[in-house]
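Asker: Spelled out from the first residue to the last, the chains are:
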Amino acid sequence: MTTELTRKTATELVDLLAARETTSVEVTGAHLDRIAAVDGDAETGVHAFLHVDAEGALATAREADERRSAGTPLSALDGIPIAVKDVLATEGLPTTCGSRILEGWVPPYDATVVRRLKDGGLPILGKTNMDEFAMGSSTEHSAYGPTRNPWDRTRIPGGSGGGSAAAVAAFEAPLAVGTDTGGSIRQPGAVTGTVGMKPTYGGVSRYGLVALANSLDQAGPVTRTVMDAALLHELIGGHDPKDSTSVDQPLPALVEAAGQGASGDLTGVRIGVVSELSGDGWQPGVMNRFQESVDLLVKAGAEVVEVSCPTFVHALATYYLILPAEASSNLAKFDAMRYGLRVVPEEGASAEQVMKATRDAGFGDEVKRRIILGTYALSSGYYDAYYGQAQKVRTLVSRDFSAAFEKVDVLVSPTAPTTAFELGAKLDDPLAMYLNDLATIPANLAGVPGISVPSGLADEDGLPVGVQILAPALADDRCYRVGAALETLLTDQWGGPLLAKAPALAPTTEGATR
Amino acid sequence: MTDTLVAFDEVVERFDPALGLEVHVELNTNTKMFCGCPTEFGAPPNTQVCPTCLGLPGAMPVVNRKAVESAIRIGLALNCEIAEWCRFARKNYFYPDMPKNFQTSQYDEPICFDGWMDVEVEGETFRVGIERAHMEEDTGKSTHVGGATGRIHGADHSLVDYNRAGIPLIEIVTRPITGAGAKAPEVARAYVAQLRDLIVALGVSDARMEQGSIRADVNLSLAPRGSDVLGTRTETKNVNSLRSVERAVRYEMSRHAAVLESGSKVLQETRHWHEDTGMTTSGREKSDAEDYRYFPEPDLVPVAPSREWVDELRGTLPENPTQRRARLQQEWGFSDLEMRDTVGAGALDLVAQTVVAGASPQAARKWWLGELARRANDTDTAIDALGVTPTDVAAVQELVDAGTINDKLARKVFEGLYAGEGTPAEIVEKRGLAVVSDDGALSAAVDSAIAANPDVADKIRDGKVAAAGALIGAVMKEMRGQADAGRVRELILEKLGQ
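Chains as they are written, first to last, in our numbering: chain A, 55 to 568; chain B, 127 to 624.
No lab work stands behind these hints: they were computed from the structure. Be aware that a few hints might be false.
[As the list claims (entries may be wrong)] Within a straight-line C-alpha distance of at most 25 Å, the following computed SDA-like cross-link-like pairs (lysine to any residue) qualify:
hint, chain 1, residue 1, chain 2, residue 2
1, A, K296, B, T173
2, A, K446, B, E210
3, A, K410, B, H283
4, A, K296, B, K217
5, A, K296, B, E148
6, A, K296, B, Y420
7, A, K410, B, E416
8, B, K192, A, K410
9, B, K603, B, I576
10, B, K534, B, A570
11, B, K267, B, G162
12, A, K422, B, K603
13, B, K267, A, L395
14, A, K422, B, K217
15, B, K217, A, K62
16, B, K217, A, T429
17, A, K62, A, A108
18, B, K217, B, R191
19, B, K391, B, W435
20, A, K446, A, A458
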């Protein structure tokens, strides 16, 4: 029974809870058992979690069951367990951002997203692994060791939110929260065969999200189905007075849009295939699956055209100026003065020496690389040529989107150029690593929403491939409608969810307990 | 180490000073610039803090609308343009009392710009150009423990209080002030003094220099007389009294002159002002190496005050303090000295309110600068915190004018007011302070005074009326001062046949 519970989608679990066929304690316990069985450590297991809060999750589950009995659930997802990326502040639970420099830090406050989960009655299973401060596309830059892809544990689960995606793909959690600065929700979704949604910039509060690049960061749902993502998005989204950049207007009807799309009918929907986001250098298996998805969209009644967004070819370079600039400033606060790691190089060291030694010991190479890049890009004399210029190109990228959305309702592309690569394959080649986010970055630069939906397995390696659906800002509902339609059509074709094809994970530890 | 100085008279003979003032005004908003923490002065360390002002990972700022309002009102009072659209920027540098290691400030888009203020020194008016007034947050406050000097060098540890971190500040920056010559020190002082008065009139700050709610940085450079090129400047930090502003300018002028005359170059640097010695010492050298890497704060949206709001705020501006003072002096007929004393005692508004309450300007001035100023001084209390209101003072004067009490009794009424015994009329009643004009009691007192002083009585009978003073004194003593001295005199002369 408990194994079956971990295979259910959140939507199915909600129905079971409503019908009193299970309890939140059972559901939560089943997922904790699964975590204990397969998560293991960075050497052997999936290693999706950096911290598991079994006690807290079960306590919340018991309360959720009482509410269900009393007929007073707090939200549609009351009692459904969830995993949270370790970049979101959780009161009373460690929050490391995958970095040594925050080892042992326990925030005294909740991020708004976390607050909303708690207010909605969701048991928080734990905190998921990530590239240090969300810098990476493979989760190999975590200071606590990599997460492994449940499809093949020698491969990367994507990044930076590899932990959240792997947790959901490995049935360790039905739902997770991720964050996406240049693709960190969508790209892990693609390579693990899960659904990842990056909402419109400002659609979900950033308060309590430890900033990588404030103007690009956005939290969003990581799930196994489009409908689950819509349910979670409606819970965590919406205006927050604590985040000045949050959008002060109601969310579109996302669950309704996902429901509408699930019929598989897209008559009258205009879809643009972005010509710059595919082609030479893209893995053939990725392109094949993408083409099949496009064909299915046509079959569903959509009008598909090719659209050019010429400035997208500059998006990656632009991103790697804006992101490091903002990050270099954001990360300055980690100085050992108030919290986190403190390295005292010698007796009687000055505050400045302690700051230097701590930052040297506490930050990994990728973080240091980007701090240096960003510091340089903002320096007097270089600002206009780098940061200033990047902001101008960013405006051009937004204009390309605007022009495209005058012709079509949504844009589509493969989510990532390749399937999951081997652990270590690109660790020494930062530029190759950065290319993973080629297709996902433009949405962050322009602040538009995007969802990645599984589109099948690549012929060469049998690994998952994702298709990305981009919509205009504030029109997140279009991502859900088209995403759900594609999901329905593909699932029918496969005869079940893609993850059913994933290999079973052998338990990593004997006599796992919780 | 003592600097070589050139006598001030010689400095101004050979050099033209250029002044620049950067004044930080701590606003008196109830909450901080970017969070809801209280701003009360003097709370126990680190009790007025939250994730945002502590810069905890993930926390975000939200702009305090009241602080923006205060900034705009200050800008309008300084004849500035108000930006239609402006942003906050991050000023990046590492310092332990700065929680985020960047200060959220404004850079090339200040909310107020291009204004001016006329400053008067000894009848001469200098127009000070205001380059900008921008919003920013204060830092925490470091206390260095264990060293002899209280400075970081030699200390064995430092304590940081973040209560001050995030308090809203407005930084007001002048354009270079040239042409003041020998009056430069006075102009600097008068500018800060007038600015402080303006801030007080606007009600946007406690404006207490001694508590650091107004802090002045003084920039100074010298150029050879007649040269139109500005010299190298120094920036003297945290000059925290009006007198010190004047002294610091004077000192730096003499020091710069000595450096230049010796053929050396003035170092562009920060200087520290020492109130006790009246000297400045070198701080850190300001060079091109200092790069704050400003960029727009991505966690905040632009501030775009509507023109309607700006106009509405324009309507709330008080009368310009300098103009108001001139108007009141004329209306009241005060001499320059009387006016200066009134302002100096911090009693201008009190006198004005007392006049409004019905007292004559001279009577109002007499009480506030006499009895009440003395009381304030003796008890080390602010003059507006004595428990005596302008209405009370006007009521006391009314009782004097009506002959109910005399000035001596009025002082007893004030004692009653200090003790919170009620209104002046009630105090007169309760303490039985009214002047005695009952001839029965007076007559008896006069009779006994005559009987006790036969020699004096004889002199008066002989026509030496001036001697009556001695008898009046005796009667007043007998009556404990509660008699109308004029009536006593009449009775004495009457009884002695004069």
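Asker: Given the hint that K296 (chain A) pairs with T173 (chain B), test it: the Cα-Cα distance must not exceed 25 Å.
Answerer: With Cα atoms ~21 Å apart, K296 (chain A) and T173 (chain B) stay inside 25 Å; holds.
Asker: Holds or violated: are the alpha carbons of K422 (chain A) and K217 (chain B) at most 25 Å from each other?
Answerer: Given that 25 Å is the threshold and the Cα spacing comes to 20 Å, the pair holds.
Asker: With the threshold set at 25 Å, check whether the alpha-carbon distance from K446 (chain A) to A458 (chain A) stays at or below it.
Answerer: Holds - the C-alpha atoms of A458 (chain A) and K446 (chain A) are around 19 Å apart, at most 25 Å.
Asker: Does the alpha-carbon distance linking K192 (chain B) and K410 (chain A) stay inside the 25 Å limit?
Answerer: violated, 39 Å
Asker: Taking only the CA atoms, is the gap from K391 (chain B) to W435 (chain B) under or equal to 25 Å?
Answerer: Since the Cα atoms of K391 (chain B) and W435 (chain B) sit roughly 49 Å apart, the hinted pair is violated (cutoff 25 Å).
Asker: Is K217 (chain B) within 25 Å of K62 (chain A), Cα to Cα?
Answerer: With a Cα-Cα distance of about 50 Å, the restraint between K217 (chain B) and K62 (chain A) is violated, given a limit of 25 Å.
Asker: Can the restraint linking K534 (chain B) and A570 (chain B) be considered satisfied, given a maximum Cα separation of 25 Å?
Answerer: Holds - the C-alpha atoms of A570 (chain B) and K534 (chain B) are around 23 Å apart, at most 25 Å.
Asker: Below or equal to 25 Å on CA atoms is what counts here, so check K217 (chain B) against R191 (chain B).
Answerer: holds, 21 Å
Asker: Below or equal to 25 Å on CA atoms is what counts here, so check K296 (chain A) against E148 (chain B).
Answerer: The hint is violated at about 32 Å.
Asker: For K446 (chain A) and E210 (chain B), compute the direct alpha-carbon distance and say whether it is at most 25 Å.
Answerer: With a Cα-Cα distance of about 22 Å, the restraint between K446 (chain A) and E210 (chain B) holds, given a limit of 25 Å.
Asker: Would you mind confirming whether the straight-line C-alpha gap from K267 (chain B) to G162 (chain B) stays at or under 25 Å?
Answerer: holds, 19 Å
Asker: Are K410 (chain A) and E416 (chain B) close enough, with their CA atoms no more than 25 Å apart?
Answerer: holds, 18 Å
The structure shown violates the earlier hints numbered 5, 8, 12, 15 and 19.
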